[in-house]
Structure formats: C-alpha cells, structure tokens
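There are 4 protein chains.
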Amino acid sequence: MQSDRERAIFEAGIKLGALYHQWVGTPISQESAGSVESAIEKSVVLQPFVEEITVRLDRKQMKKNLFGYSELAGLMFDAEIVTRVNFTYCRARLAPQDGYPLMQVVECREITPVSDH
Amino acid sequence: MQSDRERAIFEAGIKLGALYHQWVGTPISQESAGSVESAIEKSVVLQPFVEEITVRLDRKQMKKNLFGYSELAGLMFDAEIVTRVNFTYCRARLAPQDGYPLMQVVECREITPVSDH
Amino acid sequence: MQSDRERAIFEAGIKLGALYHQWVGTPISQESAGSVESAIEKSVVLQPFVEEITVRLDRKQMKKNLFGYSELAGLMFDAEIVTRVNFTYCRARLAPQDGYPLMQVVECREITPVSDH
Amino acid sequence: MQSDRERAIFEAGIKLGALYHQWVGTPISQESAGSVESAIEKSVVLQPFVEEITVRLDRKQMKKNLFGYSELAGLMFDAEIVTRVNFTYCRARLAPQDGYPLMQVVECREITPVSDH
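Protein chains in written order, with my numbering: chain A, 15 to 131; chain B, 15 to 131; chain C, 15 to 131; chain D, 15 to 131.
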C-alpha cells in the first residue's frame, strides 16, 4: 500500500510524463505559444488528482525554421503541477537542467484538517 | 515535377495526417474542447502553404470516463484545411465516414490573376 | 527531500504517463503488435531509473476498421515497469480497470545490501 | 474529382505527416533505432494505399543526453514511401534539407496494364 504522499507523487509523475510526450513536436511560434500553454493547462487539469497546473513555454527558444515557425521541444517547457490525494499535496516541476528536461518533485505537504469544534 | 495543384494536394495531406497524430490522445472535455480547437488551428496555420484551417471537435462523443473526462479520438475531428501553391487552392477535409476518420480532397481551384491593364 | 522509495515511485509515474501518450494513436494490427511492443520496451528502458519494462498489447481489441487495421488505444495496454533508485525498487502497472487505463503502483521493495564480512 | 495520380499524392502526404508527428519525441539510442524503424514501417504499411515504406533514422544525430539516451527528432528521419491508387504509383520522401525536415513528392508513374491478347 502507498501513503497519500506517495500516491500524490506518483500522480504528479504520470501527468508530467504524459504532457511532455503528448505535446512535443507541435508546430509553434512566439505568437501561438500562449494558445498552446492554455490548451495544455486545460487538458492536464481534467485528469484525476490535479489541483493546479501552470505551463510556460520559453519563447526565446522558438527560433524560426526555413518556413518561419518552430516546433515544441522538451527544453522549452517550464511546467509546475500540484497534485492532491486526500489531505496531501505534491508540487512537481518540469524544467531544463543541464540541457535535460528534468522532472522533479519540489515539495509535498500535508494539510491538517481543522477540527470542527 | 508536380503541378501547383498537385503540390497543394500533397501539402493538404501532410497537414491533415500531422494534426491527427499530434493531437489524438489529448485529455479533453466539452468545456476544454474550444481551447484545444483554437490551439490546433493556431498550430496548423503556422505551417507552409496553409491558407485556412478550421477544426471542430464533436462534443457529443466526449463521454466521461471513470474520472470525468474524455480523450481526443480520431472520430471526433471535423477539420477543413485550405492550402495554396501559387494561384492554386486546395480544400481538404478530415471527418468521420462509415466509422473511419476519412481524409479527402474536397476541391481544388485555380484563381486567374487579374491582368493589370 | 524525497526518499528513494518516493523517487522510484515518481519515476515510474513519469514513464507510464510518457509511454501512453507517445504511442496512443499508432496504426496497429494483430500482426504488427509484436513489433510495436518491442519498440516501446526498447524505448522505455533507455530512460533513467528503469530496470525492467514489459508491454503487452491486447490483440483482441484490435478490430479492423474500414481499411483493415486498428489504432493503438489506451485500453489495449498492459504494461509493467520496475524502477530503481539506489536500493529501492518500485513496480507499477498500466492496465484497464473498469473501462479506464489505470496506472498504479503495485509494490515497492528495499533490497538490503549484503554486508561484506 | 481527383485523378489517381492526385489521390496517390494526397495519400503520400497524409502518411508522411502522420508518421512524423506520431513518432517524434520517442526516446531512442543507436542501439534501439533499428527496432523503432521496424515498428514505424510495420505501422505505416497497414494504412490504405501504401505499397512500400522504408525508414532510416540517422544514428549520427543520436547524441547522448545527461542520462545517456536521445530523443527522436524530425531531422533524424529519412523515409521513403510509395503509394498506389489503381495503376498510378507515387514516391515521396521525408528527409532533411537546409535544416528542415522536408516532405516532397519524388516521382509519380502510371503503369500501363498489359492487354490480355
């Protein structure tokens, strides 16, 4: 059996792995990046145990190819996700580190429910 | 060598094949569908030879799974694209037919440039 | 900070989420399924912290469409992965449950290194 | 209405666009590249109007990242496809040109059916 904390961590991993491989390769430009960020966020937040998701795509890396556009690459992602299982929250991140699109758990936190008297 | 018409047809095929396989599998719901349609359109229109693209995703097929969302499936697409090579336009479509997500050229048309005297 | 166990769980989540969204939508048939299983396994095992991966795709679900083939769908997957961080192993699985392609941690285990005297 | 030649060209475009966006992003190495080439070929050949497909992935571009593997990128592809509609064949190619993964029709050819007397 896993603890709530472990389950929240597992779910965060699933979502980061999924969004990366769903969206890498999408044609993109500095002008269309906002629309793709929004679509990714609205897509990820549908999935179970997701509380929050923010996706920023690095416009500086969107260099124009022969035809004037770019393609969404792993190193363009800066995404932060918060998952929750019962009272435990987990925050994880996908961001470039040493030239690799690294996924890491940032912190987990248990919220003590307030007693009702 | 290919004619402009043939090149416009080839480019329309590329774009329909690409968008299908880039986006199938995306988590989606009736509420988020508009955002995904918009991101697909903004992504496809970046590519060379694309004049117009409209994407409609069939909300009726977006049935909720165990966790309350759906996944973008091939049969949900109704997409129409117009490509252009020089003065020749090609309109093609991706839409369900007999339970298959069929891609077809709808029509091609050559525009006679107006003489300038 | 995360424990080795938590890191192994996170990595298992990443890999299952990634393989699902990388490969869903691939044209497939009962005859080509073995080749796709093999390519997925060889792809996943390249990634960090992966010890073992086995992928079985349910041929019974590969019904022929109008043109005689099928498309890899989430519910066709039965995949089991073992990740390792230092001396801790985590086994996780992607398999259909109640009509949903569920990802779950099966078990984690710490191996006691043998003392050397 | 389209001619057989135009339809064969359209189908070639679809398949090249599709394979590109289905497979870009897959974790890959020089050792696993053969398995991925084979899976792509077996997948594409299932689709309607495809006569032949060969896929070569450029191992020289598969540089190792921090964790010792690479990711399938558009410029790694050298793919050639032959489609057929009735007696007309179309050969098209995806290969790098000026730093862009270019898709082009190479040639089309009509085979004269042999008269039977």
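Honestly, the hints are just simulated from the structure, not real lab data.
There's no promise every hint is true.
[As the list claims (entries may be wrong)] Dumping the calculated SDA-like pairs for lysine to any residue here, alpha-carbon to alpha-carbon at most 25 Å: (1) K78(B) - Y114(A); (2) K77(D) - P110(C); (3) K77(A) - E65(B); (4) K77(D) - A109(A); (5) K78(D) - Q61(A); (6) K78(B) - P110(A); (7) K77(D) - K78(C); (8) K78(C) - T68(D); (9) K78(D) - S52(A); (10) K77(A) - Q61(B); (11) K74(A) - T68(D); (12) K78(D) - V99(A); (13) K78(C) - P110(C); (14) K77(B) - G82(A).
task: Please flag the earlier hints that this structure goes against, numbers listed from lowest up.
output: When the structure is compared with the hints, numbers 1, 2, 5, 6, 7, 9, 11, 12, 14 turn out to be violated.
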